[in-house]
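Residue numbers for the sequence shown follow our numbering, beginning at 3 and rising by one.
To be clear, the hints were calculated from the coordinates, so they are not data collected in a lab. Bear in mind that the values here come from a model prediction, so they are computed numbers and not experimental data. Treat the hints with care, as some may be off.
Said to hold, decoys possible - Calculated pairs, DSS-like style, for lysine-lysine (alpha carbon to alpha carbon, straight line, at most 25 Å):
| # | residue 1 | residue 2 |
| --- | --- | --- |
| 1 | Lys45 | Lys89 |
| 2 | Lys89 | Lys67 |
| 3 | Lys45 | Lys67 |
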Amino acid sequence: QVQLVESGGGLVQPGGSLRLSCAASGFIFTNYRMRWHRQAPGKERELVAAITTGGGNTNYADSVKGRFTISRDNAKNTVYLQMNSLKPEDTAFYYCNAQHNTNNANYWGQGTQVTVSS
3 QVQLVESGGG LVQPGGSLRL SCAASGFIFT NYRMRWHRQA PGKERELVAA ITTGGGNTNY
63 ADSVKGRFTI SRDNAKNTVY LQMNSLKPED TAFYYCNAQH NTNNANYWGQ GTQVTVSS
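Please construct the entire structure, taking both the sequences and the accompanying hints into account.
Here you go:
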C-alpha cells in the first residue's frame with residue numbers, strides 16, 4: 003500500500019523555522035522525484051520545491067528561494083523541507099508528492115498545516 007505521511011507542521015512566529023518530513027512506503031522511493039506543494043485558503047496549489055531521485059538537483063519557487071531547502075534520505079525513504087525565515091504568506095497546507103521518473107505514477111500525501119503568525 004502506497005503511503006506518503008507528512009509531519010512537522012504547526013504554528014510558528016514570523017522569522018521562525020520548521021522542518022517538514024514526508025515518510026514514503028509501498029513503492030521504490032529511489033525511482034521517484036519528490037516535490038513539496040502548498041495550498042493556501044482560496045488559492046491554487048503551487049509547487050514549492052522539487053528534488054531529483056538521487057538528490058543531486060533541486061529547484062524552488064521564487065517565493066521561497068534562499069529560505070527553504072529540500073533534501074532526501076533515500077536510506078530512510080524520506081524527503082524533508084527545511085523552512086527558515088518564515089513569513090505569514092507561507093501559511094498553507096503543505097503536501098508531499100512523488101512523481102515516477104519515467105512513467106505517470108504519481109502519489110500524494112494528506113498534507114500538514116503550516117501557520118505563520120504572531
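Mind checking the alpha carbons of Lys89 and Lys67 for me, to see if they're no more than 25 Å apart?
-> 13 Å, holds
Given the proposed pairing of Lys45 with Lys67, does the C-alpha separation stay at or below 25 Å?
-> 20 Å, holds
Hey, Lys45 versus Lys89, does the alpha-carbon distance stay inside 25 Å?
-> 17 Å, holds
Of the hints listed earlier, there is not a single one the structure fails to meet.
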